[in-house]
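K.L.:
Sequence:
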Amino acid sequence: LRDLGAGDLPAPPWRPAAVPPSAVDLAQVTLWRAGDLPPDDLLSALALLPAARAEVEGIEAGLLFVARSAGLTWAQIAEATGFHSPQACQQHFQRLTARRDAG
Numbered sequence: 083l084r085d086l087g088a089g090d091l092p093a094p095p096w097r098p099a100a101v102p103p104s105a106v107d108l109a110q111v112t113l114w115r116a117g118d119l120p121p122d123d124l125l126s127a128l129a130l131l132p133a134a135r136a137e138v139e140g141i142e143a144g145l146l147f148v149a150r151s152a153g154l155t156w157a158q159i160a161e162a163t164g165f166h167s168p169q170a171c172q173q174h175f176q177r178l179t180a181r182r183d184a185g
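Throughout the sequence shown, residue numbering follows this note's numbering, covering 83 to 185 in sequence.
For the record, the hints were derived by calculation from the structure and aren't laboratory data.
Warning: the hint list may mix true and false statements.
Each pair of labels, with its calculated beta carbon distance range [what the hints assert, rightly or not]: (1) Gln158 / Pro92: 19 to 25 angstroms; (2) Gly117 / Gln176: 37 to 43 angstroms; (3) Arg182 / Glu161: 20 to 26 angstroms; (4) Thr155 / Leu125: 23 to 29 angstroms; (5) Gly185 / Val101: 16 to 22 angstroms.
Predicted model, so just to flag it, every value in this text is computed and none were measured.
Using N, Cα and C, we set each Cβ at its ideal position, and we do this for glycine too.
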């Protein structure tokens, strides 16, 4: 997948240049190039989905943690993230951190 153009992606400022593209980056490049790809490349991208999901969940858990640390209430966070209640948002955060800690 890196040969398809993902290897040319510039490094985000928060990631050192020597770090390879993330699973999310690779999956997005595959989706962008999907019309030109053979089935094996698509299978490679599909195999990245668990890692991509874990990356996004890590970002989400981090943002929720930082928001709470900054003094935002669960009600404010729930409204911003589309949860129907503060309790549902807090439970979602607990599930995210439990999955991360278990993995």
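K.L.:
For every hint, state whether the structure bears it out.
P.N.:
Here is how each hint holds up against the structure:
1. Checking the proposed 19 to 25 angstroms range against glutamine 158 and proline 92 shows it is violated: the Cβ atoms sit about 34 angstroms from each other.
2. Between glycine 117 and glutamine 176 the beta carbons are some 41 angstroms apart, a value that agrees with the proposed interval 37 to 43 angstroms.
3. At about 24 angstroms, the CB distance of arginine 182 to glutamate 161 agrees with the hint of 20 to 26 angstroms.
4. Separated by about 44 angstroms at the C-beta atoms, threonine 155 and leucine 125 break the suggested range of 23 to 29 angstroms.
5. At roughly 20 angstroms, the beta-carbon separation of glycine 185 and valine 101 lies within the given 16 to 22 angstroms, and the hint holds.
In the structure shown, a violation is registered for the earlier hints numbered 1, 4, in ascending order.
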